[in-house]
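Q: Sequence:
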Amino acid sequence: IRIAPPSFSAAFGRTVAALARRDTRVAAITAGMKDGTGLADFAREFPRRFFDVGIAEQHAVVFSAGLAKAGMRPVVAMYSTFLLRALDCVFHDVCLQNLPVIFAIDRAGAVEDGPTHHGIYDLAFLRTLANLVILSPADVEELPAMFDLALEAACPVAIRYPRGGAARPETVPLTPVEMGRAEVRREGGDCALWALGPEVATAEAAARILEAQYGIAATVVNARFVQPLDVELLRRHAAAMPVFTLEDHRVAGGFGSAVQEALECKVHSFGWDGAWLGHGDVGELRRERGLNPEKIAESIRSQ
Numbered sequence: 016i017r018i019a020p021p022s023f024s025a026a027f028g029r030t031v032a033a034l035a036r037r038d039t040r041v042a043a044i045t046a047g048m049k050d051g052t053g054l055a056d057f058a059r060e061f062p063r064r065f066f067d068v069g070i071a072e073q074h075a076v077v078f079s080a081g082l083a084k085a086g087m088r089p090v091v092a093m094y095s096t097f098l099l100r101a102l103d104c105v106f107h108d109v110c111l112q113n114l115p116v117i118f119a120i121d122r123a124g125a126v127e128d129g130p131t132h133h134g135i136y137d138l139a140f141l142r143t144l145a146n147l148v149i150l151s152p153a154d155v156e157e158l159p160a161m162f163d164l165a166l167e168a169a170c171p172v173a174i175r176y177p178r179g180g181a182a183r184p185e186t187v188p189l190t191p192v193e194m195g196r197a198e199v200r201r202e203g204g205d206c207a208l209w210a211l212g213p214e215v216a217t218a219e220a221a222a223r224i225l226e227a228q229y230g231i232a233a234t235v236v237n238a239r240f241v242q243p244l245d246v247e248l249l250r251r252h253a254a255a256m257p258v259f260t261l262e263d264h265r266v267a268g269g270f271g272s273a274v275q276e277a278l279e280c281k282v283h284s285f286g287w288d289g290a291w292l293g294h295g296d297v298g299e300l301r302r303e304r305g306l307n308p309e310k311i312a313e314s315i316r317s318q
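Just add 15 to the spot in the sequence shown (first one is 1) and you have my numbering.
Derived by calculation from the structure, the hints in this document are not laboratory data. One or more of the hints may lead you astray.
[To be verified] Distance windows between CB atoms, simulated: (1) D205 x A25: 36 to 44 Å; (2) A169 x P20: 30 to 38 Å; (3) D50 x L189: 25 to 33 Å; (4) R251 x P62: 43 to 51 Å; (5) D103 x P130: 19 to 27 Å; (6) G203 x A71: 45 to 53 Å; (7) T131 x A220: 48 to 56 Å; (8) A55 x D205: 43 to 51 Å; (9) A71 x R223: 42 to 50 Å; (10) G295 x A220: 18 to 26 Å; (11) E193 x H294: 34 to 42 Å.
Computed from a prediction, not measured in an experiment: that's the story for all the values here. Idealized CB from N, CA, C, for every residue including glycine.
All chains should be built: construct the whole structure from the sequences, respecting the hints.
A: Structure, rendered in structure tokens:
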């Protein structure tokens, strides 16, 4: 029997509660999404450090800035699509002031609920902001280490993760999360697949197909960071082989764009195109757009 991995939301709830137990500065804020973001248990355990501001995303962000200015370490938990309502506040009230607010961005990536709920637009704005560190865990095992890093950082940090869960393969040991450093999951000399978040699993599946069916040996990299990007490793790979990127975000302005800008050359990126993404099963949506491992492997072979 295959046991589903715990969801990122549940892992986040456990993680932020553990942070609050050891650091009395930690507070959690959400905008009418206590249950959906995994904060129900935190709210019961720390009622004086939990704030649900209702459907008022801008207030949630500005309030978090005030708490940070007063010496607290606020964690703002919000769905990616709803964070878009507060981008002006993320810029002016948090990043411009370089305040240590942690943004827990849930439902980052495609979901079943259609154009208004897909979390595939946040990176295009967030990665233009100075002072902001942006991470994405490949699996729930990485998530606590990323929040530990965020708590120690003297700047705003955004950690984005999708709906559902993803487990680290038992054969892959958990390596330390270091600022701006990627993790190499698989070594190969023919091409490099740089993947963000749970797209690492997609990249690993595509790499297995490339090797088994086409004799192509691919390196697979868990990028971990969008900002700061591991430019040193990226440039070493680009000097030796073609680089491809995978992300659960629109290609325009996303992780692939960041890689392309760092290399100052064209990079083939797998992600959502510019057409509106409709309702439907995410797996089917991915197959329709050629974002499943089989289609990705075919596309890489043809490059």
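Q: Each of the hints needs a verdict: does it hold here or not?
A: Hint check:
no.: 1; hint: D205 x A25: 36 to 44 Å; verdict: holds (38 Å)
no.: 2; hint: A169 x P20: 30 to 38 Å; verdict: holds (32 Å)
no.: 3; hint: D50 x L189: 25 to 33 Å; verdict: holds (28 Å)
no.: 4; hint: R251 x P62: 43 to 51 Å; verdict: holds (50 Å)
no.: 5; hint: D103 x P130: 19 to 27 Å; verdict: holds (22 Å)
no.: 6; hint: G203 x A71: 45 to 53 Å; verdict: holds (48 Å)
no.: 7; hint: T131 x A220: 48 to 56 Å; verdict: violated (30 Å)
no.: 8; hint: A55 x D205: 43 to 51 Å; verdict: holds (47 Å)
no.: 9; hint: A71 x R223: 42 to 50 Å; verdict: holds (46 Å)
no.: 10; hint: G295 x A220: 18 to 26 Å; verdict: holds (21 Å)
no.: 11; hint: E193 x H294: 34 to 42 Å; verdict: holds (39 Å)
Violated hints amount to a single one, hint 7; each of the other numbered hints is respected by the structure.
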